[in-house]
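Undergrad: Next come the chains, spelled out residue by residue.
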Amino acid sequence: MYAANIGVSLGLLVLSGAVVVTAQQLPRTIPGIAMGPGVLPLWAGLLMNLLAVSLLIQNIFFRSPSPKRKVFDPKELAAVGKMFFAISAYAAGIEYLGFGMATCIIVVYLIRYLGQYAWWRCLLFGLIMAGVSVGVFRYFLDLPLPTGWFGL
Amino acid sequence: MGMDVFQPLLQGFAAALTPQNLCFGFIGCVLGTLVGVLPGIGPTSAIAMLLPLTLILDPTPAIIMLSGIYYGAMYGGSTTAILVNIPGEISSAPTALDGYAMAKKGRAGPALAISAISSFVAGTLSLVGLTFFAPTLAQLALHFGPPEYFALMLLALSVVINLSGKSLIKGLISAVAGFFVAMVGMDPITGIARFTFGSVELMSGIDFVSVIIGLFAIAEVLSTWEAQVTPVIRTKLTGLMPTREDLRETFPAMLRSTVIGFFLGLLPGCSPGVTAFIAYDTEKRFSRVPETFGQGQIAGVAAAEGANNATTSGGFVPLLSFGIPSGPALAVLLGGFMMYGLQPGPTLFEKNAPFVWALIASMYIGNVMLIILNLPLVGLWARLVKVPYPLLAPIILISSFIGAYSVRNKMMDVWLAIAFGLIGWLMRKLEIPSVPLILTTILAGMLETSIKQTLSMGDMGIYLLFTRPISLTICILALLLTISSLYGRYKKIPLPGDAEEFSSESFEFPDVIEKKRPVLVKPRRYLHVPKTVYLVREHDRSRNVAKCGSLRMRQAGEQVQR
Amino acid sequence: MNKSNGEGYPNKPVQLIIAFTAGGSSDVQARIVEKYWKKYFNDQPLAFEYKPGAGGQVGFTEIARAVPDGYTIGGVNVPHILLQSLSPQATFRKDDFVHIAQVVNDPQLIVVNQNSSIRTLNDFIAEAKKKDGQMTVGIVGTFTAHHMALLKLQDILGVKFNAVPFQGSADQNVALLGGHIDAMIGNLNDIMRYTEQFRMLAIASENRHHWLPDVPTFQELGYSFTSDIRRGFSVPANTDPAIVQRLREGFQQICNDPEYLNEMEKIGQPAAYLSGEDFTKYCDQYYEEAKQLIDKYELNKKN
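Residue numbers (the working numbering), protein chains in the order written: chain A, 1 to 152; chain B, 1 to 562; chain C, 1 to 303.
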């Protein structure tokens, strides 16, 4: 946990540093208006800097006597990475394949992968889910969902 | 006032009870509950989608239906918050804190029922306020100028300390991160783009919907893949309806949250999301057992749900009296008024009295419909947690994506939601609470606007806050609350093993609990653990709470054994 | 293909981009247009698409970048599009639009609370001089029509104000109702709800408006000052001139339909038709004026 916390604080230091630098470039006053758009980002960035430093100090110098705990397990990271990839692929699929088709594919894939049901069940469920969501959202609620290459 | 209200109200009921109006009111309530249940799709988009109907319908049924969607959504929003830790609406985020913890203990039924009952009680009581005092209360809200709003935002920010979980630093980091998120896009006053990296789409900012869907729904889907087990509760459902004791215990919470929700709801800009957090925090302060909040305290569910419903009724006061919408959903509803040439404002009550009273009466009826609709659904929803997770995950994913997409009909919001999903997962792993982030994301815009206006209002600068009685009072209150929360934390300096006890989110309740007897180990530095158990047992309200205590010991023990 | 002449146009639904949220004033107005659209455009429907955000800039950009085939039209607001194209973060240029028609002209007014001691424009000027730059005047946003009007007004009246910017007209109105600001610049459409609570000192249009016959124009009081917000419809540049012509004719017919005018009265938006050519002329003129004003006050300067 300490290593992770130190990592977090270093990451936040970089982030908040970037925020402060960007805020410096924004006008801090605008003629006639007391406070420009640069003020709040500057203060928020500085505050985040302070918090990151305190977290760093706490985790380097003030460790409480607690047992070590691993935060990230490689197996778990791989699993989450896979899921993240699947979700991103779904979003990309919506843009290129169209909402209906992408939904069908992701549903089949997820059910198959998570639940290990028989293929025909996965396929059936995927078709039903895609059909119902397209019917409800695109046609009933009139949401302009992306159609992609095949018009689905 | 007083007497002359009854006559028009009765006529209003007569109008609202005609089959046509009743029917459209019912449709509105059902749709509201549905969009409330679906994460992401909120009342705003639902009302906007149905707005073209106003070209066909008469004004009264149309507005009755659209309003029904608005307050109905507050009933539905709690459902997914409780069952799968995904708030259907942003206003249900505090509900998830305790509701999900209750569901994990098999008390999803009572949590759902209490949230419906609390919604009904608060909704109806605040309607009484709306009926009798609308004009007076509207005048009251006018005393709030920019400095008062700024002070109010400071008060709301003081809640962060109580939502911070184990580490105050991490809670504050999360809160400041919320400001970062809110700063992307155009500055609310000057319209100058910040942190947009040259993207036109980012200029309109990051919508709350993407943030909340990412942090809750997508992060949930990500982390359950990781666990490779069903996160859905295997515990038996212990009773669907709340016990008499639950009711007795939550009743004061309902009343308090009604008052908070309604009065804050009178102020334009105080959305149900803000008031729900404030009511939740207040309840924690009133409670004799504040440490049980975040671990399945039923009063927490009642407070959050009561407040968001009371706020919806409160919001109708400025809407009807001045034509000022308190939030995006009411702004769209105002558009509906406009379509009919109904100009909300001081003259609405005079010129269109039958319409206004029919609308108010329909809201009483709507609340009754909603509780009738929602209580029997409790059983159905509660069983939803038994749906195998492989089937539930795609459903969560699809509705999240659609919710994010429907914000602006752009895929960018979906991508943002995915990014926040990853951030949310990381935050969980690193024990950074995500709730402060959500709260400050809601507050940031108004905070910044009100600071700017306060500074522009004179040459006194920020000291203007302390020269106006109302803002001074609120500032002092905010200071006192901050001190008291800090003192509360100081008294109970959390030790590392305490993570599960204080953090509202990382408190996992494994299903093994039924099978395995907890191993009791009492090393010295965990001395506070049995103490807490004792404290819980003292109020021994249910087996679950006691179980919860023993679990804590088990976890503490485990850590030592490793 | 009816590419060279606007004859068959439109032969499929036309998409209308609204740069504000559903239910906003722009949407409500466009919905009224929609009612009459079919009658004058081959019975083809108008499909609404909302692209709100960034004070309209997201939607306006979308219109500017749309395929110029005539099947995407957009609602534009002036001076929003002009000021946004002048800002350092511009995402489109003034000439990216071809205007079809102006449909609404919403003049601005100087408004004070009914309880205020200020009764006339002269009182207002005197008070502003007395307070020496500390008189608070509510405006909506910066770099907006309100802001420009305030700056122009300072020049014309020879006084200085303390501008308090608000996010929208609704919160601006509440602040004036609650007496938190001394005066505000408001639009006719927004203040008509509060005619009993507010006192209108002067209207910045050429003639008095028939909704407020007692409110004098600045012209009458001896100041040459007009300021307003206008709504119109536009297509992206490079759209076939024949289609533009067809659209302009159609809108002219819609905007002179007595039933349409009646409904506009009902929704409380001051209808004022201007042909596409005249609207473009107005835009060009405003653009030049605004440019000078921005340079003078150095609004584009960083830090």
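Treat the hints loosely; a few may be bogus.
Derived EDC-like pairs (lysine to aspartate or glutamate); straight-line CA-CA distance at most 20 Å [unchecked claim]: (1) C:K266 / B:E350; (2) C:K266 / B:E249; (3) C:K152 / C:E127; (4) B:K410 / A:D142; (5) B:K429 / A:E76; (6) B:K351 / C:E263; (7) C:K131 / B:D459; (8) C:K35 / A:D142; (9) C:K281 / C:E196; (10) C:K94 / C:D278; (11) C:K129 / B:D459; (12) C:K130 / B:D459; (13) C:K152 / C:E196; (14) C:K160 / B:D459; (15) C:K152 / C:E220; (16) B:K410 / C:E49; (17) C:K35 / B:D459; (18) C:K291 / C:D155; (19) B:K429 / A:D142; (20) B:K351 / C:D155; (21) B:K351 / C:E249; (22) B:K410 / A:E76; (23) C:K94 / C:E265; (24) C:K94 / C:E259; (25) C:K35 / C:E196; (26) C:K39 / C:E263; (27) C:K12 / A:D142.
Which residues of chain A face chain B? A few of them, derived with a C-beta cut under 10 Å, are [claimed, not checked]: (28) T22; (29) I94; (30) E95; (31) T103; (32) L145; (33) T147.
I should point out that these hints are in silico values taken from the structure, not numbers from a laboratory. Note that beta-carbon positions come from the ideal geometry of N, C-alpha and C, so glycine has one too.
Undergrad: Of all the hints numbered above, which does this structure not satisfy? Sort the numbers upward.
TA: 2, 9, 13, 17, 19, 20, 21, 22, 23, 24, 25 and 33
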